[in-house]
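Colleague: One line per chain: the protein sequences are P and C, in this order.
Going by our numbering, the first residue of the first sequence is number 1, and it counts up by one from there.
Going by our numbering, the first residue of the second sequence is number 1001, and it counts up by one from there.
Treat each hint with caution, since some may be false.
[Claimed, not checked] Dumping the calculated DSBU-like pairs for lysine-lysine here, alpha-carbon to alpha-carbon at most 30 Å:
| id | chain 1 | residue 1 | chain 2 | residue 2 |
| --- | --- | --- | --- | --- |
| 1 | C | Lys-1116 | P | Lys-101 |
| 2 | C | Lys-1078 | C | Lys-1107 |
| 3 | C | Lys-1154 | C | Lys-1078 |
| 4 | C | Lys-1111 | C | Lys-1154 |
| 5 | P | Lys-101 | C | Lys-1078 |
| 6 | P | Lys-101 | C | Lys-1154 |
| 7 | C | Lys-1115 | P | Lys-101 |
| 8 | C | Lys-1115 | C | Lys-1078 |
| 9 | C | Lys-1111 | P | Lys-101 |
Note that these hints are calculated values from the structure, not bench results.
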Amino acid sequence: MANQSNLTVPSVEQDNAVVLCPTGRVDGTNVTILQGAVRERLEAGQANIVFDLADLNYISSAGLRVFLMAARDLQGQGGRAAFCNLSEQIRQVFEITGFDKILSVHGNRDDALSTF
Amino acid sequence: MMYYRRMGGAGSDQQGSNRGMHVSLQPELNTALTALADAVEEFAARESLGGALSINLNLVLDELVTNSVSYALTEVEKPMLELRLRRDGDLVVAEVEDNGAAFDPFKDAPKPDTKKGLDERPIGGLGVFLVMQLTETAHYERAGDVNRIILHMKMET
Chain P
1 MANQSNLTVP SVEQDNAVVL CPTGRVDGTN VTILQGAVRE RLEAGQANIV FDLADLNYIS
61 SAGLRVFLMA ARDLQGQGGR AAFCNLSEQI RQVFEITGFD KILSVHGNRD DALSTF
Chain C
1001 MMYYRRMGGA GSDQQGSNRG MHVSLQPELN TALTALADAV EEFAARESLG GALSINLNLV
1061 LDELVTNSVS YALTEVEKPM LELRLRRDGD LVVAEVEDNG AAFDPFKDAP KPDTKKGLDE
1121 RPIGGLGVFL VMQLTETAHY ERAGDVNRII LHMKMET
């Protein structure tokens, strides 16, 4: 099922970063939820965001665009985005699109946090 | 609430293990993507598709249906959006048809440069690129006033 109720973005502050955990599915119908969660942190002046994708089951290009914009916007305000716990399918999509080369991708949350 | 109608009773237009599924999608994104995900889930269960293939099948059809609903069909008076799924040996064959203006995404859509760095990467073009990369073949044809895309994906062995 693809609808808004299938995406939540719980967050936790850890070390000098905030960890966003998109949970469920991201597609064109609910991508604004992910976008909103990122924008809220950007506007609060948050510099570093870890996207922990352990509970993300599905992502379309709509969600990938949000990741790309987030990484760019964070860099623009002197911070960084890091990604961790990619499922096999999401890793494949990152590789196909070359996102694994331009985004900071890590095996687990601790590794991602240690890059800041 | 019924989001779509199934053709031919239980969605079968062929016999045996190759029987297909035909779903008419509403040209509204949330409804269409929900019906699409349901159809793929049902087809994947019926044909015992692996988890990765099932997700990738959902993904490539999501990208095409999203483009149809968001661009091709916005100006069409009586929009039509049809999805067909069937198995042909070790291939999954998926067809998406809409009656929007002629548009070949595999020729006309912008190509992303996957070598470009974070700052230079254009935001668009990723969806169609994923479709081309995740399928064995991705074919476009214009049939009358219909755009038809035919995708082949390999069954996992």
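Colleague: Given the hint that Lys-1154 of chain C pairs with Lys-1078 of chain C, test it: the Cα-Cα distance must not exceed 30 Å.
Modeller: Judged against 30 Å, a Cα distance of about 34 Å means the pair is violated.
Colleague: Holds or violated: are the alpha carbons of Lys-1111 of chain C and Lys-101 of chain P at most 30 Å from each other?
Modeller: OK: Lys-1111 of chain C and Lys-101 of chain P at ~18 Å, within 30 Å.
Colleague: Does Lys-1078 of chain C lie within 30 Å of Lys-101 of chain P when you go C-alpha to C-alpha?
Modeller: 44 Å, violated
Colleague: So if I understand the rule, the pair passes when the alpha-carbon distance is 30 Å or less; does Lys-1116 of chain C with Lys-101 of chain P pass?
Modeller: 9 Å, holds
Colleague: Decide if the proposed pair is consistent with the structure: Lys-1115 of chain C and Lys-101 of chain P, CA atoms, cutoff 30 Å inclusive.
Modeller: 8 Å, holds
Colleague: Below or equal to 30 Å on CA atoms is what counts here, so check Lys-1115 of chain C against Lys-1078 of chain C.
Modeller: With Cα atoms ~41 Å apart, Lys-1115 of chain C and Lys-1078 of chain C exceed 30 Å; violated.
Colleague: Going straight from one Cα to the other, do Lys-1111 of chain C and Lys-1154 of chain C come out at no more than 30 Å?
Modeller: 24 Å, holds
Colleague: Within a Cα-Cα threshold of 30 Å, do Lys-101 of chain P and Lys-1154 of chain C meet the stated pairing?
Modeller: 27 Å, holds
Colleague: Can you confirm whether the C-alpha distance between Lys-1078 of chain C and Lys-1107 of chain C stays at or below 30 Å?
Modeller: 26 Å, holds
In terms of the numbered hints stated before, the structure departs from hints 3, 5, 8, listed from lowest to highest.
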